[in-house]
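There are 2 protein chains.
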Amino acid sequence: MVSQPIRVAIQGELGSFSEEAAVRLLGGDLQVLSFRHFDEVFRATAAGEADVCMVPLENSLTGSIHRNYDLLRRHQLKINRELYLEIQHNLIVLSGVQFDELSAVFSHPVALGQCERFFEDHPHLEMRTSHDTSGSVRELMEQQQRDCGAIAGSRAAELFGGEIIREAIQDNKANFTRFVLLSPKMKVSEDADKTSIVFSFRNVPGALFKSLSVFALRDIDLGKIESRPIHGRPWEYLFYLDFLACIKEERVNNALNHLREITEDLEVLGSYKRDEAVGIRGM
Amino acid sequence: MVSQPIRVAIQGELGSFSEEAAVRLLGGDLQVLSFRHFDEVFRATAAGEADVCMVPLENSLTGSIHRNYDLLRRHQLKINRELYLEIQHNLIVLSGVQFDELSAVFSHPVALGQCERFFEDHPHLEMRTSHDTSGSVRELMEQQQRDCGAIAGSRAAELFGGEIIREAIQDNKANFTRFVLLSPKMKVSEDADKTSIVFSFRNVPGALFKSLSVFALRDIDLGKIESRPIHGRPWEYLFYLDFLACIKEERVNNALNHLREITEDLEVLGSYKRDEAVGIRGM
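Sequences listed follow chains X and D, in order.
Okay, so the first sequence: first residue is 894 according to this note's numbering, each after it adds one.
Okay, so the second sequence: first residue is 894 according to this note's numbering, each after it adds one.
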């Protein structure tokens, strides 16, 4: 019996950071479904066209990606795994092309924006936008352009046979993105030791303190907490909270029941094995 | 005696969202010093070349701008005021130009990236990058280009005499940015009712709960809390916390002394009047 490859939906083309995250977590036997927009990624996964999707939730420089948290809740997907990926933008060219031959560089607008200093140091290089970091490498290779480079992750160079001639040209060197693997079903692995929840409450003084006490009283450590005002619903807050325990533990069950007494719309986003790569521990 | 205009440093050109925020808070009698990069803005203000600077700290879609929090601490600047500004990207053209005449649109890469759907709906329009949203409008006007548009805020159109022919073309309609006015000195106005602090602690279970208890025990409501792992210093966290009280109150003084017993590097970022425009209240 031949096993079916896992169908994973991502935003962007093959060779993107999302695909790199998927390959790191799931291995090579993947069928990657690429979409232009995040809402299409979530919709395809919720509809069963993909088994899972891999999306970024936060970045070390730019913070939480609130719109992906929103999509996660709207489509009722669950976090099955997490991965912290280091984001490096590289200048990629056709094999053999020298830096001096280049007159323009293609990439996604956001990647170009993260490499502003590089363009200031090399004012003869024109910035040109494309829809995708990885797609800009693919097009370079297809059209055999010798006077243009592209900015993308190393996986794009590997995949399309480009050559990296400048590594890590982004303005900020320490740049990590937290990716999560989502599916329509809550899957709690044996080694799960981290749980993500979201909840809200109306303008109740001291409510946040009471919410955190349900964990402190049961010796459950927290791994992330973030409050977010809900625009369009004045005086209401949304909370993202990660704690370092598995949803199957009795003390967690008790804590969540306690939390439901004092909050609204409590939702468990997933319970999974934490990625310890970047040194995140309880507090 | 003629009063000197206030020298305010911003990232970007005249007509940018930062300048719009500065004019809203300080009125029109300003000398705007514009810089290409945020670190130059902070450095100029710390060095006294500017009296104040206006910078974004968080956005409703993309979260906290961690690198600006970092710069704020590094340069020891203080928050004197805050403002929530609605971010709208508009398509701006030379007066009298029709939409059908356009073949390309200029803007900063980040703004282009926030208007992707607009470009998909109008595939004949080429995206072209410039260093600045507002600068792209200025250049359009200077060069009297009839076949190109620019994407920027309404203030840029006003300032350079451009015409807005498509309003609010960003993908996400509800888009707010919290700007803060910074100076080297802590200035606490009479009506100050909000205080921002930052602190860290090492891997101590329950430490976050203890930290929040110093406020709960004194009936001080919180307005924002965000934890952030410190990359490069594993197992350490940084906390951003806003609370709804003035630094001059005795209960606040007591709470901060209490907080110093259990944290490291506690720093008061400022105490100021809160902007209630988007309905943020204590919790």
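Incorrect hints may have been included.
No distinction is drawn between identical chains; accordingly, a pair holds when it is met within one copy or between any pair of copies.
As the list claims (entries may be wrong) - Dumping the calculated EDC-like pairs for lysine to aspartate or glutamate here, alpha-carbon to alpha-carbon at most 20 Å:
id : residue 1 : residue 2
1  : Lys-1066  : Asp-963
2  : Lys-1080  : Glu-933
3  : Lys-1066  : Glu-933
4  : Lys-1066  : Asp-932
5  : Lys-1141  : Glu-1083
6  : Lys-1141  : Asp-922
7  : Lys-1078  : Glu-1157
8  : Lys-1103  : Asp-1168
9  : Lys-1103  : Asp-1114
10 : Lys-1080  : Asp-1064
11 : Lys-1141  : Glu-1160
12 : Lys-1141  : Asp-963
13 : Lys-1078  : Asp-1014
14 : Lys-1103  : Glu-1051
15 : Lys-1066  : Asp-1114
16 : Lys-1080  : Glu-1019
Hints were generated in silico from the structure; no laboratory data involved.
None of these values were measured; they are calculated from a predicted model.
The hints, checked one at a time:
{"no.": "1", "hint": "Lys-1066 / Asp-963", "in the structure": "between (29 Å within a copy, 14 Å between copies)"}
{"no.": "2", "hint": "Lys-1080 / Glu-933", "in the structure": "neither (22 Å within a copy, 48 Å between copies)"}
{"no.": "3", "hint": "Lys-1066 / Glu-933", "in the structure": "between (31 Å within a copy, 18 Å between copies)"}
{"no.": "4", "hint": "Lys-1066 / Asp-932", "in the structure": "between (29 Å within a copy, 15 Å between copies)"}
{"no.": "5", "hint": "Lys-1141 / Glu-1083", "in the structure": "within (10 Å within a copy, 52 Å between copies)"}
{"no.": "6", "hint": "Lys-1141 / Asp-922", "in the structure": "neither (30 Å within a copy, 61 Å between copies)"}
{"no.": "7", "hint": "Lys-1078 / Glu-1157", "in the structure": "neither (22 Å within a copy, 41 Å between copies)"}
{"no.": "8", "hint": "Lys-1103 / Asp-1168", "in the structure": "neither (28 Å within a copy, 26 Å between copies)"}
{"no.": "9", "hint": "Lys-1103 / Asp-1114", "in the structure": "both (15 Å within a copy, 12 Å between copies)"}
{"no.": "10", "hint": "Lys-1080 / Asp-1064", "in the structure": "neither (38 Å within a copy, 33 Å between copies)"}
{"no.": "11", "hint": "Lys-1141 / Glu-1160", "in the structure": "within (15 Å within a copy, 39 Å between copies)"}
{"no.": "12", "hint": "Lys-1141 / Asp-963", "in the structure": "neither (25 Å within a copy, 38 Å between copies)"}
{"no.": "13", "hint": "Lys-1078 / Asp-1014", "in the structure": "neither (49 Å within a copy, 34 Å between copies)"}
{"no.": "14", "hint": "Lys-1103 / Glu-1051", "in the structure": "neither (51 Å within a copy, 49 Å between copies)"}
{"no.": "15", "hint": "Lys-1066 / Asp-1114", "in the structure": "neither (30 Å within a copy, 37 Å between copies)"}
{"no.": "16", "hint": "Lys-1080 / Glu-1019", "in the structure": "neither (47 Å within a copy, 44 Å between copies)"}
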